[in-house]
Amino acid sequence: MGKPSDLVQGTLDLLILKTLTPGAMHGWAIAKRIQQVSGEVLQVQQGSLYPALHRLEQQGWIKAKWAESETGRKAKFYALTAAGHKQLETEFANWGRLSAAINLVVGEA
Amino acid sequence: MRWIDQLKMRLQMLFARRSAGAALNEELRFHVEAQIEENRAAGMTAEEARYAALRAFGNPALVREQTRAAWSWNWLESLGRDLRIAMRSLVRTPGFAAIAIGVMALGIGTTVTQFTVVRSVLLKPLPFYDPDRLTAVYESKVADENPRDTVVAPGAFAEWRERNHSFASLALYGEAEMSLSASGGQLPEMLHGEQCTWNLFSTLGVKPALGRDFIESDDRPSANGVVILSSSLWKRRFGADPGIVNQTVHMNGQSYTVIGVMPAWFAFPTPSTQLWTPAYKYTPADRMQSLGAHQFLVVGRLLPGTTVAQAAADLALISSRLHDQHADNPFVGKNANVHPLLENMVGFLRVPLYMLLAATCCVLLIACLNMGNLLLARAAARKKEQAIRAALGGGWLRLLRERMIESLLLCFLGAAAGMALAEGLLQWFVAARKDTLRVEAIHIDAVVVAVTIGLTVFCAILAAAASSLRAPDRGLLATLQDAARTAGTGHVRAKLHKTMLALQVALTVVLLVGAGLLLKSYQQLRASNLGCATDNVLTMRIDLFGGKYGKPAEIVNLYSSLIDRVRALPGVEAAGYAVAVPGQGYWTDDGFSVVEHPPLPQGAALDAINRSVDPGYFRAMQIPILRGRTFDQSKRLDGANEAVISGLFAKQYFPNEEPIGKHLNVDGKSLEIVGVVADTRYDLADDPQPMMYFSIYSGLANGSELVIRSSRNVEQLALPVQKLVAQLDPSLPVSDVLTMDQLQGKSTVDQSFTSTLLAGFASLSLLLAVAGLFGVLSYIVAQRTSEIGIRLALGAERKQVLRQMLGDGLRPAMLGLVAGLAASAGVTRLIQAMLFKTEALDPWVFGIVALLLMLAATLACLAPAWRASRLDPMAALRTE
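In order, the protein sequence lines correspond to chains A and B.
Under the working numbering, think of the first position of the first sequence as 1, with each following residue one higher.
Under the working numbering, think of the first position of the second sequence as 110, with each following residue one higher.
No lab work stands behind these hints: they were computed from the structure.
Check before you lean on any hint, since a few could be wrong.
Short derived list, chain B residues pointing at chain A, Cβ under 10 angstroms [unchecked claim]:
| no. | residue |
| --- | --- |
| 1 | E135 |
| 2 | T176 |
| 3 | A178 |
| 4 | A787 |
| 5 | D859 |
Backbone N, C-alpha and C define an ideal beta-carbon position, used for all residues, glycine too.
Next comes chain B alone, as it looks inside the complex:
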């Protein structure tokens, strides 16, 4: 059968090529021998016979080559040969190879890293069953001047769950701080957990890896406490004990049974969630029926065929009916919003991540242009060699193919190094930013590898094309005769170099401007005035859960004994309590009304941020008391009937009257306003809002920040204070021991990270551009050595030569700078959303970048230009 024979032939040609070559030689030799025999038989002498045979045979090398041309797999053989040649020529010039590979590795490595992050975080679907049908559901704010999403009140959720027609299931979840008591020699610990309805995991479509999921009967106030652990908590705290199921743990002073452990890859809603427990058990029943206590998040799985818009309309109808039914309660949500879950989770990361991806692509482009420059210089150096080979019969296509293969080889080697770099960078990133959303999904997969290969080929083609753009052909003969004395040699090549350089500079300028804007924005953010002392202030969180602190009196007792002891410590200037300090976020707000004012129309309501603090807090944080006084120390528990308001609060709700002495009605309790304090920011990035302060000695807040101010080095007080807490109650967990500076750093870590990263990329590009500038100018000087020598010999001043060379190098840099500034002006408005108190066209940033670049370019050009002006004319003229 023909095809079997053919297959056999092809395999033999592929794997046994050398023996096939030997067989061919043998065959041809036999032919000649046979001819010689015939000639001898015809009567010639041995000599004559041999000569006649060889003459008749023709050129054996030619015959061999023509025969081999008929073989299969020839393209593979020539590819292998080209690769070997490229390898050898690279090994001969190790410096060039190292630089080229290094540049490509940097460019490809950074791009692949960023692409992996973008793909894993933004593009990959969530790792749940049929994730496209998962949605996040919100209520809409009461006053709909701008219908923003609000977190959900459990009463509204219950209504939705009963009456909707669009969802296969709806689940509720919210924060649950669990104080895990000491056990087995381990300290008590605060755990970030979630309280959820029993069907949360089944809505997402996930099952525990160990044990069982929640069932409906777990989610009742009368049920026994159950909890499902995260894999990391199980490993860290319980030693990955497979017998953990049905064990009892003590949290918040109650017993909980562990019924399951989630798989290692599961993280919902954030990577720092440690455990889950049923919400209807965790939160008191009356809270869970409230329509006005907005504090939960909702996730829903759409029915097949239902769209997001339909579901939103469905729920909006239910909400508005609910609102109308409870018109007297001003806090009932009016409307509902439904968003796809992935979009909701990572939507805010879109702009920063894509911006960084664009930046890495710029770096990659610069790396390619650099490679192009390097290859161009290399091609110029081998001009004569190429001409000789062309004269000997090598086609133009063949030479181009060789250059292409060299470029491909360099790019692939660079890509391999780049992939290793990317893997390392990703490992570092995952370890350093463990709490980033979806960080567990970040790893290199097949798609990333495919994209890398595609990128590599693209870069190789780009670089090879850039270096192959030829000057108009001056003919082989002219090139061979060329004795480099001719002025004007390689002028077109120099132009190419300069164009690529200008492009590099332009891209670098764009990156520098972006980095400058982000850095300025970050600096503005950090410089934002919180309105309180931040130097040498330590904070730590104390949570009073559990049986010992069930009554307000017990809570107040602990607070008061602790603060007295802390204030007595040497080195402590002042100390106080606050449920949340400035810069820690919005936290909570409360509805209120002013007793002395006329009642509000039905359906209207006032609310303001609320904070529970101790009387000494304002002094501790150096928040000035504008009018009146702080809380009365002696008023405790039910007697704590005072309130302090912030300046904005006074301005907004008591515009033309004295607030002190008036009363606020909060949750049915009447509080007398005794003082007005200066405003503070609850978040670095937001403007201050009206705030009302209550006394923590009412005993209603069972968790608080303890703040300690010292005149110097407050961190030394961390351990002594924790010891004090342990003395009072060894089972009390103390968490998040951070100075105010560290707290601010934590809240701005994203901006800090992004701006640092972009600054890094910009510096990298600047380095590449400067190196490119230096290289190109050196090359140009080398090309024009004899020309410069002639001019110096003819009487040109060294200063003139210096100036001319400098100009030669700086002109493309200037062009690039102008182009780059223009491009930046167009592009930076895309990142305006990320900028805080900084304009996208900030003249200072643009100015500084321009100056920086000119300085760098001048420095880069100075050395070669200086060398050119110092040439010895005689030596230059003698140069080959």
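So that you can see chain A by itself, here it is in the shape it has in the complex:
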């Protein structure tokens, strides 16, 4: 991905929220996870990941905690909040509507 655009920013939020569903993770792990699960297609740049994480934190969808990581160093772990869960559903629904619409248009052509 190149420079984040509005559209992509919205989907990045969705990806992050979904990735955090199983449990708390730190920033690097989230990036790695998205990369893995998407089959190396989606590579999130740090320049868009961390702003997105901090923005989601400010808005209260995720909350952060400093804890020891696997390597023994302190890292900032993010976890979904209750509101975050709800937001994930909303974002997912929006994404579904959006992609269906796009499919309709390009499907026509």
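Chain A is already provided as a structure; the job is to place chain B on it using the hints.
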């Protein structure tokens, strides 16, 4: 819960920003470390792993900034940063900062001071209960060619009180001079008091702070004397003794019981009122029933729902019925007028105070324009710096915001200094003019502070806008390459400077013209001829109240012994008595008729100002005796049956006949006219009126001015004369020891104060304008140094350069002068009411102001122009 988490986040972002920044660094570092670990696990060397990780990460500074952009309270952080930058740049140029802050402080300080006075005196409601329902009630003059307000006769008041349907309560009040006898080691003293009906305070809605209010039974001739003190009298004379209630004091030879003390903030009707006592006890009963003795004021509280107009109509009906019932008494008022109380008290101050407010606003505007000029020059000096920052990516809006913040900072610092200045000025004013109406209400309150803040922001925006008006953009590149050798640099900027300068000059001219007119008016007032001697004449008031002076014979005795002794003092050329001297005001008048003339039709009456004087008075005051002679010394008490009239009196009432030998009938007594004297003015500002003089040796006047004339330094006689009085009677209070000059000064203190103040503002603006002119021309010369150098090198004469630079500076000044004169011509007619014997378009004043300004402008421009003509061409060309 989401909002709790959000709140926590926001608080943390606000108060723990630095630690949040450190946490972010830690987080990003962890990411890189994790990536390095992964790379090493994949088989790269330590070096390779590190480089790969960093490359993948991207620009850490950029990532940090973009992440921080997602935080809340970012606007506060950048505001703080801008403030710090502005602070630092101001500290680096302390001279500029000091001047700018000083200018703003002067402008805002004076405006806030004047606004506080206007608001406190004119706009704030009176500090009484439900003050909008309080009114002042007057009778209307007998002859209604112009229905002017007259003070009220107590008989009319009684009638109103009984028969009205519009007022919840009506109260009467009037002057009461009380001679407080010596007690506890303190000297006897004359006190300005008020006599009032018992319900005065309850009508106003105020209660005494100590003791009790008057009750109905206090207000009868048979009641015991009671008095309520003012807070200042209680503190000054009775040491703020809390046990003052029910104590007895001796005033006017009678005992009075103190029943209460009013609160410290209460002052009615003026700040110099010291005590209140019931009127029906103080004034004899027959006076209090009179319909023709107009001497009191009335205040009334309207019933809820009644308007002023309705009340006026109601009372007018009662008055006219009363007038018709007593058709034989020509002095009964015909009509009644009702005015809102606040308007009545301070209405006459409206024009002067608003005029001064307009003047201070002009000063503020000039200060803003000056600031604008300063900021513009500063912006020009930082042109290159701004261009570099713009090239590096700073938006235009960002730079404008910075300039705005600098301007705001300067203005707020100036406003803070200005508020301190205003507080100081107000303290001085309240102390210096203690007797001004409503002076107790003057202090800075929340509204004033809010207005100040609003003003400051407005000034900041004005100044910043003036300095941000840009020349058409020549592009960043051109600015960066600019090597100031280019002629025509900053021409548009110079034009801006000149426009602002012209505006400043115009405003200054308006202020100067106003000040000139007021000063001329004041001078005319003081030069007004009173018609008597005023050099080296001393006056002092002697009041003969009390048991010792109950009989006219005793009064005459004292007067006569005192004047003999005073005349015997060395240094005294002449001395005399008068109930009031010329310039002291209208005082009293009396109805009269001429015995030898046919009787007047019923309902018509004659009245003229009356004065009781001693036979030597005319000589003492050097009032020429035109015909006949002064009073006979030997005619005293009941034998004092003579009168002296003034020239106008003779002309008006004896136009074609000899007045001497005729008789006047005054209050049933027949007086023979024995002399005609020259006219005198009773007030500096008014034309002389017919006057009739009676002899003070009739013993009917128990208070008088003693006048003493000396050939030199009459003030040295003050103490000896007072000692003489004390010798004759140690309990006699002597008050108001003033020379005639001081008396005149006292009566014109308002005009003097206003004109001095305006002159001060005008001088201030002139100073600012001249300084601005000097600064702008210096700036222009500096900008065009290389151009001038080239011309000098090419053979231009120094004289030509001087003339050209002078012209450059004087042209905006001329423009401003013309605009200012035109504006003054339009504006000065608004203050015509304040001018005495001066036209609003006085050509002398306008001419002198124009000359003064041209002189000042030329002087201001001379130095920079001279410097320009003295430039060394080589040095100028080498200048960067």
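Evaluation of the provided hints:
The interface hint given for B/E135 holds, since its Cβ lies 7 angstroms from the closest Cβ of chain A, which is under the 10 angstroms cut-off. Against a cut-off of 10 angstroms between C-beta atoms, the interface hint on B/T176 holds, since the closest Cβ of chain A lies about 4 angstroms away. The interface hint given for B/A178 is met, as the beta carbon of that residue sits about 7 angstroms from the closest beta carbon of chain A, less than 10 angstroms. Taken as an interface hint, B/A787 does not check out: its beta carbon lies about 92 angstroms from the nearest beta carbon of chain A, beyond 10 angstroms.
At a threshold of 10 angstroms, the smallest CB-CB gap from B/D859 to chain A is about 64 angstroms, leaving the interface hint violated.
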